[in-house]
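> Residues per chain, in single letters:
2 protein chains.
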Amino acid sequence: MTDLDIASQCKLEPITKIADKLGLNAEEIEMYGKYKAKLPLNKINEEKLNKSKLILVTAISPTPAGEGKTTISIGLSEGLNKLGKQTTVVLREPSLGPVFGIKGGATGGGYSQVLPMEDINLHFTGDFSAIEKAHNLLAAIIDNNLQSKTNSLGIDPRTVVWKRVMDLNDRALRNVVIGLGGTTSGVPRETGFDITAASEIMAILCLSKDLENLKERLGNIFVGYTFDKKPIYARDLKAEGAMTALLKDAIKPNLVQTIEGNPAIIHGGPFANIAQGTNTVIATKMGMSLSDYTVTEAGFGFDLGGEKFFNIKCQSSGLKPKAVVLTATIRALKYHGGADLQDLKNSNVEAVKKGLPNLEKHLENIQKFGITPVIAINKFQTDDEEEIKVITDFASKKELPVAVADVWAKGGEGALDLGNEVIKVIEKNHVDFKPLYDWDKSVEEKIATIATKIYGAEHVEYGAKARAALKRIYDLKLDKLPICVAKTQKSLSDDPKLLGRPKDFILKVREIEIAAGAGFIIPITGDIMRMPGLPAHPASENIDVNSEGEIVGLF
Amino acid sequence: MTDLDIASQCKLEPITKIADKLGLNAEEIEMYGKYKAKLPLNKINEEKLNKSKLILVTAISPTPAGEGKTTISIGLSEGLNKLGKQTTVVLREPSLGPVFGIKGGATGGGYSQVLPMEDINLHFTGDFSAIEKAHNLLAAIIDNNLQSKTNSLGIDPRTVVWKRVMDLNDRALRNVVIGLGGTTSGVPRETGFDITAASEIMAILCLSKDLENLKERLGNIFVGYTFDKKPIYARDLKAEGAMTALLKDAIKPNLVQTIEGNPAIIHGGPFANIAQGTNTVIATKMGMSLSDYTVTEAGFGFDLGGEKFFNIKCQSSGLKPKAVVLTATIRALKYHGGADLQDLKNSNVEAVKKGLPNLEKHLENIQKFGITPVIAINKFQTDDEEEIKVITDFASKKELPVAVADVWAKGGEGALDLGNEVIKVIEKNHVDFKPLYDWDKSVEEKIATIATKIYGAEHVEYGAKARAALKRIYDLKLDKLPICVAKTQKSLSDDPKLLGRPKDFILKVREIEIAAGAGFIIPITGDIMRMPGLPAHPASENIDVNSEGEIVGLF
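Chains as they are written, first to last, in our numbering: chain A, -6 to 548; chain B, -6 to 548.
Note that these hints are calculated values from the structure, not bench results.
Do not rely on the hints blindly, as some may be mistaken.
The list treats identical chains as one, so a pair stands whether inside a single copy or across any two.
Said to hold, decoys possible - No farther apart than 27 Å at their CA atoms in a straight line, the calculated lysine-lysine pairs in the DSS-like style are these:
#1 Lys14 <-> Lys75
#2 Lys27 <-> Lys14
#3 Lys241 <-> Lys4
#4 Lys156 <-> Lys142
#5 Lys27 <-> Lys10
#6 Lys241 <-> Lys27
#7 Lys27 <-> Lys4
#8 Lys501 <-> Lys446
#9 Lys41 <-> Lys14
#10 Lys10 <-> Lys241
#11 Lys4 <-> Lys372
#12 Lys44 <-> Lys361
#13 Lys501 <-> Lys483
#14 Lys434 <-> Lys361
Okay, chain A solo, but in the shape it has when bound (with noise of 0.2 Å):
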């Protein structure tokens, strides 16, 4: 049975009854549908918010194998709700580019899924296309401006680095010159065209904490410089107020369901490599203001969603976890100790050991945050005892606690044993959470904390790019915002190839960007995609709307 097929036999709630569940009623949210649901901000509330318990859940190095960290965030939440804890599930909307590519959907999988699976990974309430068009707005706002004769702001295209978005795997709009045609159809310059998760905007909104705030990021997105080197910020185009407009429904939470039909709020989608990769500060705190337990996940590895959802987000907006989750599998301890993909299904408890050191990596990172970390086995078929056994041992040797979550096949009911251990772990109160370095430091001590203590590098070397940035970066007064790092994901290094726990090696920072709207720094250390192609044969060709006019054929 495909994940589809598991969704499509489950039986929706009417929305109304999960927000019943978190004390709302009817008249309180907006519906979408009949599923779905935007949630008013002003049921936000930081007194009940500091009350809930806030977990993490993160992951080991990804590998081609899969981890599942979105499958145990929903198993885990049904679980708890099992154990009488009132928790939600807080997650981050899919991008819709991939679904016609090869990529599955980001819903959770078997038994753990978030539903209507088909709406969330579609269009869903309109949130990404709001932010691609606000995104968008202000392209074509910068480039009116340069063809403008009476209200020209003097900007240099050349250096303008506002690109354009899109929510498509569309290789062919990554490199592109625009403004052909002649005089009247705007100035010829270079550019390109991102997938909309990719937007600052995307950011933006996710580290926002209410419109005014949201429109204050806008106005200061960086854009690029005069003739006469003067920097030009997005409310020099005055455009802020539109853009701002144009996102006031899409920075309300979406509410959902789970399949057993708990609470789920699903909202913003930033990449984990270029970005925070974490749901919106507003989803996280609307979850928490609800409920007593809420949990949620930070994109790809702890090295890069886990530390920006600490640096960045928590310390933001004051958040603080009581306990993070590091989602293992054994198919993937097993890539990382060197077995081939293909070998994944057969046992090999050799490559389980050899694999535990990406595994302990990140489990000494989170300690470094002061939080003890719950290991979660996501099992699959495939498992057997004895390679389960190699990180049972493991945990225990180190005083870790550990369970094994069958989630995909039992939903709540096989996440009972990790909600029992992520219980004992809140209730013991041994959580101090305090982030890894202070904001006011400068860029290159930040950089160089995050490279050597979570990356385990050995310093940091700039490139000619790197240092010219910053330089820009210290001019412009940027230099106070925490870093959000580009980095290849599948190692713990910049070096993809590097599985395992890399050491010795130098990261190298070959550019620097600055996100002044979203309020980041971003070093990046290698070729990040921002725009995902579709391989020859994609997705798209099997997906289909049948006689009944329900969607087949997606996943």
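With chain A held as given, fit chain B onto it using these hints.
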């Protein structure tokens, strides 16, 4: 008071109450927030809809003074409801892009508006962005096929006619080169972006009977040729299933309300100069299935939207209008009569008289379809009695019904006379609707019929590109499709400067495009703008969100 001020003061009814007026309960609709809903396609009832009276609102040739066709449509529906006829107004969705340029909203004006106007003018229920996504998915699939080694159809990149779309005024995207950056980033080629309303998918959605028919039309989209000169359609790329999946909600009509709390259905928004210029067939049929009287409009003057409404929309869907309202304003007639734009506020009886031939030609055109037109004089404060008398005298000489409608200031109350005239025409049952041409005629005959009978041209001339296109159309066996002329809206002729009733002109067809999916042939008779630009000071500079989260500065 601005339109937004008036709209803001209005207390909206919950959309469930509006649905109730159409005999639909809360379970039968899909809410999008509290004041918008999607209607299920199974409520279309062919038997019921044949009993509903369909009224088309059209206009004389548009001038910069504005005619207010949408305002008249809304006001007339309010008036008919006041006169005891259960009436629904069915309109097009506004395009988002122009909202940030200079254009006002497209949701009526004054006390004849549809609400919530700020939502309808911005993202509404996401239909436009679904169309944009489906359009651009096909473009991504085309470029992916050009790139592919294993799945190549051998498309010649120079022949690809399918562009991309974006719902913004962004002139810099009119002409672009994509696929730059080397072998991994696509095949370089020249293309461009149109505004989303100009997408063939907009035209397709608006002519589709149901999901199945939508999918068939999407599959029929003509994309370009292979190197062997074989035509390629979207179905050859297996794209139509995924495109249909993206449009599964967009195909459902949207229910909102008028300022007086009557139902309004708003769905689809093709332009009338390059496409058929009227809302979806599905929305019109939905309105007719649920109400005794249905008021709808077609874009620009009767020569464009009206002619296409009858020959394309009615002929393809079997709809039969019972009345046509021709909207005119004193100001526009003065402009057609030679008065300067800045003098239109001053009384000028002579100019009104000189402008009458434009009105007269449109009236004659309507009568060619077997329908007695009702003239609606859309009242402005600056009109004087003498000027109005010019039109009423003219109407009585022609024995045609006429009424002054003061719907901007008075809403439905201002349309009682107009409503009564319309009811009289319908109840006398003097209408014997017949289309102007048979789709089976040759392409040249069909074009000549429209040019000579509707526009008043002497004859038609074809340029070299148009002659080549004619051959292509016959080769592709697409010659039995109806004609959708792309022509300036400013004149009955193809020369925007010829106001009034141009005579002795030759219609010059420069090119002919094929909309094989929508199912029509588009003779191009001038420079038709498909991607507008922003003005030097775009309206976006004044749009904002206030501290209460309300949008301000919109129009």
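> Hints numbered earlier in the text: which of these fail when held up against the supplied structure?
Violated hints: none at all, because every hint is consistent with the structure.
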